[in-house]
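Colleague: Chains as they are written, first to last, in my numbering: chain H, 1 to 787; chain L, 1 to 472.
Wrong hints could be hidden among the right ones.
Said to hold, decoys possible - Interface residues of chain H toward chain L, partial, derived using beta-carbon atoms under 10 Å:
# : residue
1 : Val37
2 : Phe279
3 : Phe391
4 : Glu610
To be verified - Examples of chain L residues toward chain H, derived with CB under 7 Å:
#  : residue
5  : Glu43
6  : Tyr124
7  : Gly127
8  : Thr129
9  : Gly147
10 : Tyr148
11 : Asp388
12 : Thr392
Calculated directly from the structure, the hints in this document are not laboratory data.
Please read these numbers as outputs of a predicted model, since none were measured by experiment.
Even for Gly, the Cβ is constructed at its ideal location relative to N, Cα and C.
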Amino acid sequence: MSDSSPQTRRKHVGRSISHESARGHVTGEALYTDDLVPRTKNVLHGWPVIVDHAHARVKRIDPTKALAREGVVTVLTGDDVPGVGNVGAAKQDEPLFPDVVQYHGQAVAWVLAESEPIARRAAAEVVVEVEPLDPIVTIEDAIAAESFHTKELKIERLAEGKGDMAAALAACPHRTSGELHVGGQEHFYLEAQAALVYVDEGDQVMVHASTQHPTETQLIVARVLGVPSHAVTCQSLRMGGAFGGKEVQANTWACVAAVGALKTGRPVRVRLDRQRDMFLTGKRHPFLGRYEVGYDDEGRIHALSIDLFSDGGYSLDLSHPVLARALFHVDNCYDVPSLRVTGRVCKTHKTSQTAFRGFGGPQGMVVGEDAFDRVARELGIAPHEVRAKNFYTDGSRTHYDQEVRDADRIEKIWSQLSETASLTERLAEIEAFNAAHDHTKRGLAITPVKFGISFTTAFFNQAGALVLLYADGSVQVSHGGTEMGQGLHTKMLQVAADALGLDLEAIRMMPTRTDKVPNTSATAASSGSDLNGQAVRDACNAIRERLAEVAAGILECTADDVVFEGGEVFRTDGKGERLPFGKVAKAAYLDRVPLFATGYYKTPNIHFDEEAGRGHPFHYFAYGAAVTEVEVDGFTGQYRFLRTDILHDVGDSMSPKVDLGQVEGGYIQGVGWLTREELVWNADGRLATRGASTYKLPSLDECPPDFRVALMEKAADPTVIHGSKAVGEPPFMLAISAREALRAAVAAFGEGKGPVELGCPSTPEAVYWAIEAQRSAGAAVAAAAEE
Amino acid sequence: MSTDPAITVDGRPIPLGETDPHQPLLHFLRERGLTGVKEGCAEGECGACAVVVVAPEGEASRFVTVNSCLVPAVGLAGREVLTVHGLADGDELHPAQAAMVETGGSQCGYCTPGFVVSLFAEYYREGRTPGEVWDESIGGNLCRCTGYRPIRDALASLGAPTDDRHKRRLAQVTDAPPSFAHRCTIEDGSEVRFHRPASLTELFAILAKEPEAKLVAGGTDVYVEVNQLDRRWPVLVALEGVRELQTIADTDDALTIGAGVPLSRIEDELGEAVPMFGELFPLFSSRLIRNRATLGGNLINASPIGDSPPALLGLDAKVVLASASGERELPLSELFLDYRKTALQAGEILKAVVVPKPFPTIQRFYKVSKRIMDDISTVAAGFGLWLDDSGTITKARLGYGGVAATPVRATEAEDALVGRPFDAAAMVHASTFLGTAFTPMTDHRGSARYREAMVSRLLEKLHAELTPEAAE
Ligand SMILES: Cc1cc2nc3c(=O)[nH]c(=O)nc-3n(C[C@H](O)[C@H](O)[C@H](O)COP(=O)(O)OP(=O)(O)OC[C@H]3O[C@@H](n4cnc5c(N)ncnc54)[C@H](O)[C@@H]3O)c2cc1C
Ligand code: FES
Ligand code: FES
């Protein structure tokens, strides 16, 4: 499977092209799951019957009044489930029709009606009698009640000669500690959850779902219906964004629709409007981190001990691997000789928190970075200097004992970016600006990122593809990955075109379906193109090699001397005819050569021993760094980002426009998480921020007017397809530079000494209170000086 | 009355049939297969549902972008709408579409139709210079994927409009919405009636017969209630056709703004003359919303966190209330009685807002919110200070939102300012009356403590920004 087969040349991979569906996007012709509804006859519309308690026992459901309403066809309850009424993916802990409500607004029944307005009105008429129970809402409540989903996870690496963590800390010249609450995040994929299910002839259940994991959706629908997997086909057309929110959480809606379709014999649509999507589906895990750190006068960190608690919500979901990834990323780019990190998933009465771009990595990293910043400010050394002093270098190993391959890229990126972003000059300019302004302060920060690539669950690291060549030379490509905007199909198109020596137009990317490629993994962990790219190329190569034999016969040479390029097939030595690709395909068909092939790939050497906290959970690391500058208003705490510079490692980019888009989009989404996106739950567990009017995503205004993004050059990773690296998640954490820039600006309102406590997310209000703390600390210092 | 119950969508008439007046245009279009028009929020925040309404502009026309999730479909009877489906010419993409393809402005593509529509309207905007980047033109569209840079580049790349069919359409006249009535039976068998009168006389005649009528101006509050709270009314009366509510009059004594004038028009026509407006509107929702939202709606909605009340209080504005039996004028501060309760009586409508002259010497609008663009206020303030030649404050108006059950004036602090020069000491003095003046509360937008702090911080900010020594 080498990149440079003699039969092909690299023409499309590496070229900047627009999204494979861009034309469909801009004309409105690209279809999403719910767009199928007006194209389908006789559809029934579902609406949830919900309970306004975070924790309650359901005593009685009485649908009489709702059923009497004209246009209502049925009210689905647990009695309608033919199979297992549980949709939990990791563990069967998510009843589809629960007897005990586990979070505020959970659905206990579903109305199916001729129109959505009717279903909605009827749902309000279903009487649900409940007995309210006490909810556990916060992480602290859960810790106090010992309400956990999992046992403690721990990774510990001690420097030589240190008996335990306490000793390692005690041996340090200085120690400090801190605590940080890290907020969750709403996915707010622009396309909310949607499913449309109908039953074809022979009881074949057709599921259209906006899902990142069609195989799992298929499996769980089959389980709920009590039928084998072969009776269910799932198609994920394309998604209007997902970000992890449709990795496991797309299943429920498909299951409700499937139960309804089976019961009524009609197509059933279950889509969530924004409000329901926000209060019914899981989010990025909020975290609580507590740490103790030991360091020396130079700012070298010798020992770091971190305890993490994540708020998993009511069910296990993906909380365990999310927490594991947090533990894997507290070190970020830093070589801390003694590092101990523990974690626990709290069980609360909230939505089941789930995958979200970065998958726990960002939360772990933010807590680690908080410790680094604290050390710098305790010492009065510039935070970027403290960071740089502690970098991993070639040969370093992480706290879970994986070699940090290509660790030299950390320093390389750092110094190159410092240079191109004029770090030193701008820090000086900002100091001058701040000295001249009492009420407005600027801050600038540079932070690095190292992010591990692979599913940390080893068996997910496999992928399949199916390539069909038709006798006219046109090609359909299917693979297990789903398209959610990340540009996976675009890259796969480029890979297939190069592998077959075709123009892009000759190839059609097919919607992801479980009847094309079975047993697929979720498109997640940034691994979509790493895994599926290899599988697609594998399949294309198989077909090309067969065609080469056929062409060799026509061209009177050996197969190795045949070249496929630009839709033509010819001899390397230029002699003889240039055969149109279609002609070779036709000849192969007449020759009775099979023109379809499957491809397969599994990532080698992935393992992790959870008991020992040692292993090799990642195939490789992706690196990057960002510099962000912000201006803060001291009266209100409001702020604006002025400029951002990013240098990021995507290996050898397979598709620079796509990769640039991922880096920029990931960064801005990360900035949203750390700044203005604030989830607020009331004391009774009700989510108060349940719409775009109360939960503020980054708008155009949050895109810095000066935004300079570059991809690291000559960065090929020979162990990955076409030398590329995964790009979906790593850039998200570049946003930590925005948080640290805010912190720098806040510090400038005071004496500029000592740690700066800054809430996370750093909303304008959080920034305001941080400024107030600086101002009063400054005032206290001034008062003391006067005495 | 017009009897032609159809909307012209992308050049094709679509009959209204039995459309429920509560149905937003968004769902009307999607049900008919125009699924490029997307739903992202159904509350006017994301712009995925944006469409263009062709509106009259003198003897010609104008493309106005609106959130189709907040516009009643029936309200567009007899009018022309363009969607993302109707912009390209066959296989040839519209320049707005081509620009988005070129810059990589679409990732998942779900927000894209809305951005394309906004870019399309901007492309034809009178007075736009190619290369100009007016953020507001796409400020009502959210994208979760791209981070906006490529979309902003697409905006910057738009050339001058060519003489295409859309440009030619703009050169033709469009009629003001004629009066129109519609009725239908909805799911539960009840009848819903919809009226779109063209004059006040017609309006009052309808109100006399339909005392239960719910007025709809821009609908940006009413249709949020319809979509989010599933609210229904037996009778809806659209005000957008009432010509008397659409006027702006400028006399020596005052500026009189019709209650039905869309905010974007006030912004365009008065933003410079009245700096308070120039500061207010860019911070008030998004251009998409402002193309529909009105002062009448904002004031009668009487939300304590509405933004025009503090600004208008700062300008010492009055309101004109009208009914079949006549008109009366009230100081704005007397309009707000209690939480979302106004002095408007049955049968009365808000006709106009009067801003007296001279305008304040110093006028400033501040809005504290999580996000700067398109967010609701945590606290808002409209400050108006009238100074005489010697620099002494002769009159002060300090309007606040977000600090009490209604928009309020800080009257004690206002009094404390009068007779003093505009200096730091005066501000500190006034602040002492602000500390406990209000009763803010804690919610998801901010804590009571923060709101309380903002009340005096904003006054300090005003002074700091306007004082030479601190003018940094
Ligand atoms: C996305 C979004 C963002 C927003 N951002 C802001 C913001 O930043 N600041 C802010 O203040 N508001 C904001 N709003 C609220 C809203 O836009 C305003 O309240 C708007 O001004 C209402 O005007 P309208 O014409 O759309 O009112 P409508 O929805 O038509 O009506 C509102 C109420 O007023 C009544 N009414 C309307 N006109 C009259 C009249 N002439 N006489 C008597 N009664 C009348 C109606 O019956 C109804 O009760 C936002 C709304 C949305 C959807
Ligand atoms: S759907 Fe979001 S603005 Fe209309
Ligand atoms: S491209 Fe996905 S929301 Fe904009």
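Colleague: Give a verdict on every hint.
Modeller: Hints and how they fare:
1. For the restraint placing Val37(H) at the interface with chain L, the shortest Cβ-Cβ distance is roughly 8 Å, inside the 10 Å limit, so the hint holds.
2. Using the Cβ-Cβ criterion of 10 Å, the hint placing Phe279(H) at the interface with chain L is not satisfied: the shortest such distance is roughly 12 Å.
3. The criterion of a C-beta within 10 Å of any C-beta in chain L is not met by Phe391(H), whose closest approach is roughly 27 Å, and the hint is violated.
4. Taking 10 Å as the C-beta cut-off, the interface hint given for Glu610(H) is violated, the closest approach to chain L being about 34 Å.
5. Against a cut-off of 7 Å between C-beta atoms, the interface hint on Glu43(L) holds, since the closest Cβ of chain H lies about 6 Å away.
6. Proximity of Tyr124(L) to chain H is violated relative to the hint, the smallest CB-CB distance being about 17 Å (cut-off 7 Å).
7. Hint status for Gly127(L) relative to chain H: violated, with the closest Cβ pair at about 21 Å, above 7 Å.
8. At about 19 Å, the closest approach between the beta carbon of Thr129(L) and any beta carbon in chain H exceeds 7 Å, and the interface hint on this residue is violated.
9. For Gly147(L), the interface hint holds, the least distance from its beta-carbon to any beta-carbon of chain H being 3 Å, beneath 7 Å.
10. Checking Tyr148(L) against chain H: minimum C-beta separation of about 4 Å stays under 7 Å; hint holds.
11. This hint is violated: Asp388(L) has a C-beta 28 Å from the nearest C-beta of chain H, more than the 7 Å allowed.
12. Because the closest C-beta pair between Thr392(L) and chain H is about 25 Å apart, greater than 7 Å, the hint is violated.
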